[in-house]
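Residue numbers (my numbering), protein chains in the order written: chain F, 54 to 287; chain G, 54 to 287; chain S, 54 to 287; chain E, 54 to 287; chain P, 54 to 287; chain D, 54 to 287.
Everything hinted at is true.
If chains are identical, the list can't say which one is meant, so a pair holds when it fits in one copy or spans any two.
Here are the simulated EDC-like pairs of lysine to aspartate or glutamate, each with C-alpha atoms no more than 16 Å apart in a straight line:
#, residue 1, residue 2
1, 125, 96
2, 199, 96
3, 125, 95
4, 73, 85
5, 56, 228
6, 73, 228
Simulated from the structure, these hints should not be mistaken for lab results.
6 protein chains.
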Amino acid sequence: MAKKNRDELRPVSLTRSFTKHAHGSVLIKQGDTWVLCTACAEDKVPPFLKGTGRGWVTAEYSLLPGATATRKPRERAGKPDSRSTEISRLVGRALRAAVDLSMLGERTITIDCDVLQADGGTRCASITGGMAALEDAIAKLLAEGKLSANPLRRRVAAVSVGIDGSGPLLDLDYEADSTAGTDMNFVMTDRGEYVEIQGTAEGTPFTAAQFDAMRGLAAKGIRDLFAAIDGRRG
Amino acid sequence: MAKKNRDELRPVSLTRSFTKHAHGSVLIKQGDTWVLCTACAEDKVPPFLKGTGRGWVTAEYSLLPGATATRKPRERAGKPDSRSTEISRLVGRALRAAVDLSMLGERTITIDCDVLQADGGTRCASITGGMAALEDAIAKLLAEGKLSANPLRRRVAAVSVGIDGSGPLLDLDYEADSTAGTDMNFVMTDRGEYVEIQGTAEGTPFTAAQFDAMRGLAAKGIRDLFAAIDGRRG
Amino acid sequence: MAKKNRDELRPVSLTRSFTKHAHGSVLIKQGDTWVLCTACAEDKVPPFLKGTGRGWVTAEYSLLPGATATRKPRERAGKPDSRSTEISRLVGRALRAAVDLSMLGERTITIDCDVLQADGGTRCASITGGMAALEDAIAKLLAEGKLSANPLRRRVAAVSVGIDGSGPLLDLDYEADSTAGTDMNFVMTDRGEYVEIQGTAEGTPFTAAQFDAMRGLAAKGIRDLFAAIDGRRG
Amino acid sequence: MAKKNRDELRPVSLTRSFTKHAHGSVLIKQGDTWVLCTACAEDKVPPFLKGTGRGWVTAEYSLLPGATATRKPRERAGKPDSRSTEISRLVGRALRAAVDLSMLGERTITIDCDVLQADGGTRCASITGGMAALEDAIAKLLAEGKLSANPLRRRVAAVSVGIDGSGPLLDLDYEADSTAGTDMNFVMTDRGEYVEIQGTAEGTPFTAAQFDAMRGLAAKGIRDLFAAIDGRRG
Amino acid sequence: MAKKNRDELRPVSLTRSFTKHAHGSVLIKQGDTWVLCTACAEDKVPPFLKGTGRGWVTAEYSLLPGATATRKPRERAGKPDSRSTEISRLVGRALRAAVDLSMLGERTITIDCDVLQADGGTRCASITGGMAALEDAIAKLLAEGKLSANPLRRRVAAVSVGIDGSGPLLDLDYEADSTAGTDMNFVMTDRGEYVEIQGTAEGTPFTAAQFDAMRGLAAKGIRDLFAAIDGRRG
Amino acid sequence: MAKKNRDELRPVSLTRSFTKHAHGSVLIKQGDTWVLCTACAEDKVPPFLKGTGRGWVTAEYSLLPGATATRKPRERAGKPDSRSTEISRLVGRALRAAVDLSMLGERTITIDCDVLQADGGTRCASITGGMAALEDAIAKLLAEGKLSANPLRRRVAAVSVGIDGSGPLLDLDYEADSTAGTDMNFVMTDRGEYVEIQGTAEGTPFTAAQFDAMRGLAAKGIRDLFAAIDGRRG
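Next up, chain F with everything else stripped away, as it sits in the complex (with noise of 0.2 Å):
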């Protein structure tokens, strides 16, 4: 899964209906990362939206237990993990933003990102994954004439960027996460906006260059992205 240059994607593939019950299911494979994100829609609300008409879109993130180099326990028994809770909040924002929630009805569309396979990114990756099956789910809500004009204003994407001792480092995989000194994710639209930025120095804190210097790849790989997907889609 090598790949040449660091201003480049790992390989990228999505593979649409994966599976068959959800309203959308997609499976994203972004190098050795894995993520299978299904949209399921159903007619509730929480509470807080109910009686307003308005729509709600969540998500929840979830590491199967074999996923990693090490078994990691399942959340079962009452202790959630506060790392899958943080990743789950920021899909769900990065997706909220794509979608205009006053024209989904009282309605919750749920993304489920269960990583099957980590190699780094996957947080990145569910929500480049979960844009995808956010758009067949209201497609198919579209078709079935239970929505009657479409909610999305506009497509989100994601991608990771670090610092190591070469430099500024595009969708590090897991082996280079762990040696770089930053690590940084930026949540964009199609067309070059911001929709969430996230970075964080592990060491020693960084510099406005650097920063500008990581969200410059950023920008390249989100346009990368979006032409993967888009010609793996024509």
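Got chain F; can you put chains G, S, E, P and D on it based on the hints?
Only chains G, S, E, P and D this time, still in chain F's reference frame:
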């Protein structure tokens, strides 16, 4: 995914080494039921085995939220699903019967059975697929020199049989299962012996003669299942 | 509490109306296994039955902490016991088979099976004692005019059979159960039909012939159990 | 279960060795309140006592679901019942006062008080019955040579007193308790000293004179209780 | 924070309107024990009061992790602290005694008592401070026209008394509490009547005479407490 | 608590040694947002650090129930709040960046950030106040001789910036935050480098130019924050 005869299995396929991290990873498809079975070995045992030199085999069964026609909430919030608990215990018992635990060392092999798509017979597919993942994990431990002798003492597989208005029926899909009055699961060895029998009359109780018809069908199904597995492996 | 023959039940007694609040309350003693079975009717049903006019029967099985040789911690701290979950589901399925739920009205009868003292066969005693508590609760609802017709369509009871070094053995106590290679539970009607069969080979798998010997013993045990219950009720 | 006078206990009986596994097992009946108290000794102590050579006595109180007029849901689902928690702590404190923990060795005795039938005064019956179970458990540990000297330093029992429209009343049943404006529980030794006093004015606050009347009644009740226990044991 | 005499309170201060959002917010300092008591009114009641027109007052007590000499883990992970549960119930009972719930409307006032710094007597300070927060919340509801008549029927406060080697002692700090053999809490009205008495002999049982000495000290402490509160408010 | 200009912080104050038990205890007030930050050192580390000689810094963020306009239920009942989980992780990451964990010994410092009153920017105030508490705790460990060299390698602080109809705005209170379309949090060092950037477009995505305006404002805010902290300490 039609099948012609009432004593026929749905199409079965097993993909070995489906993912890369776990010691064994098998995607089993039986009709539209898809289960990802991973086997992970860890150098620890439950408290009651500490210091005994014996090992343990256990299983965890779970449905992905998008695997069913209606989204199934995750078990996160401290409310374990009692059906999943019952099936996890069944799969664990069945697979322990395949192994001489005294030859495993103080080591636990956990078989995670995550249903990607459900269409009836998920517990049986978990046992059959889990057996393959367990075999692969043990082969890997032998190859790595972590085990000096093969602790497998037999192979097991499982199949469901039901009774509907037309009589006994092998390998029920979800629709057939919903209408069947009786639903039995047979866990058997490749020599035709029984490891577990579990059957429930959901409507009318069944007679000894009906049971005998079901066990005949199960024996044929188990033979066909082992043939399918080995044919695909050869 | 010795018994002379391998095809004999341990001494069985049922005390009806053991406590005063529940609609049915039965203390069943089978050898040194004592289970308090109470049946409580409530005017509510699970969500999936609301508005259907149908009722529900469910069961909860639990061991008191002091019921076993080693104190068993309570399930309080959000860690439900998976064995209890499995048995609760078995008892509930068995007792639902005795009732025409469409004649029960939108009402739930919960059978609580609390083991005061455990010496093997607690799940079978829970079913047999639970059936008596359920009968008493329904008789009370009929007497109070809350039910206009009897929804009971059959009576069920349950017995365990095992195989040890000397062959098949009826109604195992804890010590016998610990040494038996196979342990089966038969839930049957008073007409000798099967409601549930559940058996596991903990050591060597069992053959069809061994199964046939066990089911013969079970049929005798069930007959003796109904005789004992009715003799004591007369 | 009528009683003639306001300063009289309801009929009291204690059955020792009610079940066989626990070190002590007492069924106490006080009127229609029945509590099964078992005492189990285990060779472990809470973390704060490890290495100190001291032991621990603790209690757990629980109502069986069918013990009350309306079925009480179990505490399984991670929602511990706060009333049970408070009573468990009271019973534990009361029984620790009876024991010199430094003579117990690094050992925990757990007193489980499971209410089979509730009709008022269950916390007091749990203390009185729990004391008997604790005595029996200690007698067994002495007989087995696990203890070389008797760590019991006093005996305790408990009784409730209330105030209703007619003045102070000893040993309230559920109906009396529901109408009483004040409810006090006295835990006392067989020498008439206080181990715990706990009383609440649910309606009108009470005066010092009313308190004095209640403590007089309690002193009589405790004397009668010890007489009843010892009379029945003789 | 020394005090001169054994029948003296530690220095007491109450800051009203400490924070701005809650209907009542009081920071009570009693020696080095600091408790933030907030009272929040909500237009909902527990299920058992729905449709009755009556209201509810309840309390929740909690220690901040850094409030004690050793950090106390939060209760987050599904393990509620049983001491906090017991104290929450005590505070709730005490404050309900101050209110005519039938005059409150279908409304719940929750008193949150969060201990910022603990040095003994936190439960008593929670009651005294909680009473002030409750008074302020009711005053606000009256001012806003949400209540038409004042539902307060009395004022309560609480104080601890103990017995150490030198006899009875009022208002114990943590060190005194640790060495005292008996620890009693008195919840009393401003007219000197009792709302709750709760006392435990942790070492030697106490006598009636010792109890009388303690209640005398408590009566003085309660008088001084009301004087201090009102002096600071005037 | 008005502020004159859009590039101005709300009034900031830090009270050191606010409570007495924790190693560091700081009450930070930023406008009407008040957070009590305590730092407690314990001689234990998470399992993955045992035997490594390295230490750990972690944080827990929580809102007191009465801190917000509507009472916020506690997390007690096994339902952790996902927003709090996300913020706890952010604060922990930010403060770990300030410390050389290899110089801390096998010791954990937990920063508890309990929000007494919330008015926007609570996560940033938790980081700024938590840094001060951490500094004080380390100073105490150095003074006590438990650390031989100072493990602090830099100071961090945090500030929020948003975009509303009038452009970028520094240090948003709750009302401003509710209307802002974008909300970013900058964690920076006293040298102006970045430790964490986290920003979300809740409405319209933001452009690179808008981001640059926000980071300019953040840099000024961080400088003012350090000046305020040090001015108040001098």
